[in-house]
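J.: For reference, the chains in residue letters:
Number of protein chains: 2
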Amino acid sequence: MTAERRGIDPDKLTDFTIRVLNKAGISEGDAKIAAKILVATDLRGIDSHGVGHLAMYARSILAGRTNPDPKTEITSNAPSTAVMDGDRGFGLVVGHRAMTEAMRRAEETGSGFVTVRNSSHFGAGGNYAMMALSGDMIGISMTVGGMGMVVPGSVGQGATINVLSVAAPSNQEAPFVLDMATTVVAAGKIEIAAREGKSLPEGWAVDKQGQPITDPRKFYQKGGALLPMGGTPQTGSYKGFGLAVAVDILCRILSGALPDQQYGGSHFFGALRIDGFMPVDQFKKAMDGMIQGYRALPKAPGIERIYISGEVEQEIEKKRRAEGIPLHPAIIKSLEDIAGELDVEYDLYL
Amino acid sequence: MTAERRGIDPDKLTDFTIRVLNKAGISEGDAKIAAKILVATDLRGIDSHGVGHLAMYARSILAGRTNPDPKTEITSNAPSTAVMDGDRGFGLVVGHRAMTEAMRRAEETGSGFVTVRNSSHFGAGGNYAMMALSGDMIGISMTVGGMGMVVPGSVGQGATINVLSVAAPSNQEAPFVLDMATTVVAAGKIEIAAREGKSLPEGWAVDKQGQPITDPRKFYQKGGALLPMGGTPQTGSYKGFGLAVAVDILCRILSGALPDQQYGGSHFFGALRIDGFMPVDQFKKAMDGMIQGYRALPKAPGIERIYISGEVEQEIEKKRRAEGIPLHPAIIKSLEDIAGELDVEYDLYL
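Chains A and B are the protein sequences, given in the same order.
Numbered per this note's numbering, the first sequence spans residues 42 to 391.
Numbered per this note's numbering, the second sequence spans residues 42 to 391.
These are computed hints drawn from the structure, not numbers from a lab.
Careful: at least some of the hints might be erroneous.
It does not matter which identical chain is meant; a pair holds if it fits inside one copy or across any two.
With a Cα cut of at most 30 Å, we get these calculated DSS-like pairs of lysine-lysine [what the hints assert, rightly or not]: (1) 360 - 259; (2) 340 - 230; (3) 249 - 340; (4) 374 - 340; (5) 359 - 249; (6) 326 - 73; (7) 112 - 326; (8) 359 - 259; (9) 77 - 249; (10) 112 - 325; (11) 53 - 360; (12) 263 - 340; (13) 340 - 259; (14) 263 - 359; (15) 263 - 64; (16) 73 - 239; (17) 340 - 360; (18) 325 - 340.
Sequences and hints are given; from them, build the entire structure.
T.: Written as structure tokens, this is what we have:
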């Protein structure tokens with residue numbers, strides 16, 4: 042096991058990811074699409090949703106749980122809307138196809154929406170919302186995750202952990218990219234705290250009886266659940282729950298995944314063409330102005346800079362493109378393991 | 042001043058509201074639209090956004106700040122999207138026109154979106170999202186409110202208080218209606234606490250220095266600001282801020298209101314036709330199943346029932362339709378005052 046965090050070359054990591062997925066049974070074209078998304082996620086610093094999942098994805102394909110060659114099917118009764126059946130395909134491939142379809146429909150009518158059933162884990166939702174940026178569109182992506190949120194008024198895990206992303210292009214500034222779970226924190230933060238031996242702040246998670254969990258190692262053994270965004274009813278948890286339900290309606294009900302599909306594997310994608318509303322240049326200029334306005338606000342003590350959603354990730358990407366991606370040793374180990382299993386050449390360092 | 046809360050007759054209240062608005066200068070047709078929205082809001086128990094604002098609206102028209110006869114203008118470059126200039130009209134009338142236009146476009150293409158500039162306060166956002174229900178559509182409405190939210194990393198009022206609503210129809214159950222500010226609480230909750238002499242929980246508001254405000258009477262004199270949903274950075278305030286910015290992009294940037302319009306008067310409406318995706322009956326049945334599933338979850342100690350967004354409001358509406366609307370004495374007083382000013386007959390009791 043490599044114990045230090047060495048800089049990983051993004052291009053080598055992309056090639057490696059393509060080879061692993063291809064060897065696992067995914068076509069080279071689809072593997073390229075998925076690899077680009079995974080490495081982009083690591084480049085932006087979202088370490089919980091990048092190549093750290095590669096071995097899991099490859100094994101799911103090898104075990105037959107994920108269909109490596111899905112015949113995704115589109116049904117639609119209106120020019121701007123459609124449902125995609127993912128045919129149990131790899132979420133990153135299915136998601137990319139569905140968002141591409143949403144953008145195609147937006148190109149034609151001004152807006153496009155595709156809801157997806159029978160897919161699988163699609164990585165970081167922001168990637169699909171960001172696909173819209175190059176087409177001068179506002180992008181939306183949502184997904185239903187695994188069970189793990191407590192419902193206000195209930196105890197234990199009662200709802201899925203859902204994700205909502207919105208992206209909008211700017212001119213000189215970083216594009217706006219909101220990518221958020223509708224829980225107080227994403228489940229990955231519990232795992233990171235456990236790995237680093239840190240305790241959780243109150244207000245993130247509760248046990249089966251609704252008591253706060255601060256020891257992350259007790260989260261799973263105590264049937265822990267994440268609190269909805271807002272935390273408690275007094276500070277708006279019914280809003281976080283309501284947002285989660287709204288995501289669920291668009292992903293699982295509108296796609297026909299419910300009542301059968303109890304969690305995961307359903308997504309929702311949307312695109313709004315900016316020039317269907319107004320000139321793109323004017324929009325981007327106003328975006329720059331808004332972002333600069335927030336940045337110029339008075340700073341709280343100890344704060345060096347005010348960040349808008351997407352700015353931190355863009356800064357991390359610049360740094361990681363230059364210095365490599367500092368993957369966690371546990372992730373490096375998982376890549377070495379899957380390389381060995383699939384007999385794929387392993388050389389990732391800058 | 043009438044000191045007790047007597048049951049107000051919703052039909053009489055509607056007629057009265059029409060007469061007041063009509064006398065203030067709004068056409069009878071537009072006054073009917075606005076009155077229906079205001080009384081529906083009171084019927085659903087959202088007392089902060091109903092006829093309690095009627096006198097304010099009437100005076101704004103009388104003073105020339107609100108244009109009683111707006112020539113709303115639509116520009117559009119795509120079948121499913123449009124921008125409406127509200128011509129400084131009454132927000133409830135402009136909002137109703139814009140949502141109607143969004144639904145018309147959804148009828149044609151499957152989805153429809155209209156963003157609005159130069160409007161004014163439009164009352165409770167849920168009303169417009171709910172307009173979609175009768176057309177078997179999912180409805181979306183958003184608005185930018187007044188300044189009053191602190192931005193994470195900053196101090197004092199740095200952003201507007203924005204609102205986001207989503208409505209979806211069900212069959213036997215109450216329709217899903219999420220109607221939420223992107224702050225921990227709406228500003229109205231501060232006023233209600235002040236009126237009732239109660240202190241605020243920590244986690245709602247901070248003063249100019251970022252210190253918690255728990256005395257609601259000090260909110261305005263101390264330059265108070267509401268915290269974004271999530272409260273602190275540790276519990277996700279950057280998500281609440283991100284949601285607020287997303288709403289702002291759709292309302293003020295996409296409509297061309299920015300950079301000129303520093304707050305308020307911009308909205309965003311959307312409609313998705315359910316049968317553009319799937320059969321309406323199947324959708325509504327799955328909605329019922331989802332709602333019943335949440336209701337059947339184990340209850341926390343002391344909880345009698347688990348509610349989904351929109352259920353409490355539907356129960357209140359049933360009760361108020363039968364027993365009348367128990368308006369607060371301060372609101373009764375404001376209605377008596379405006380009736381006197383405009384020489385409109387006043388008789389509202391059941």
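J.: Compare the structure with each hint and give your call.
T.: Results for each hint:
no. : hint      : verdict
1   : 360 - 259 : neither (35 Å within a copy, 45 Å between copies)
2   : 340 - 230 : both (27 Å within a copy, 27 Å between copies)
3   : 249 - 340 : between (40 Å within a copy, 11 Å between copies)
4   : 374 - 340 : neither (41 Å within a copy, 43 Å between copies)
5   : 359 - 249 : neither (43 Å within a copy, 35 Å between copies)
6   : 326 - 73  : neither (34 Å within a copy, 40 Å between copies)
7   : 112 - 326 : between (42 Å within a copy, 28 Å between copies)
8   : 359 - 259 : neither (37 Å within a copy, 45 Å between copies)
9   : 77 - 249  : neither (39 Å within a copy, 45 Å between copies)
10  : 112 - 325 : between (38 Å within a copy, 28 Å between copies)
11  : 53 - 360  : within (17 Å within a copy, 66 Å between copies)
12  : 263 - 340 : between (40 Å within a copy, 18 Å between copies)
13  : 340 - 259 : between (37 Å within a copy, 22 Å between copies)
14  : 263 - 359 : neither (40 Å within a copy, 41 Å between copies)
15  : 263 - 64  : neither (38 Å within a copy, 64 Å between copies)
16  : 73 - 239  : neither (37 Å within a copy, 59 Å between copies)
17  : 340 - 360 : within (25 Å within a copy, 48 Å between copies)
18  : 325 - 340 : within (25 Å within a copy, 48 Å between copies)
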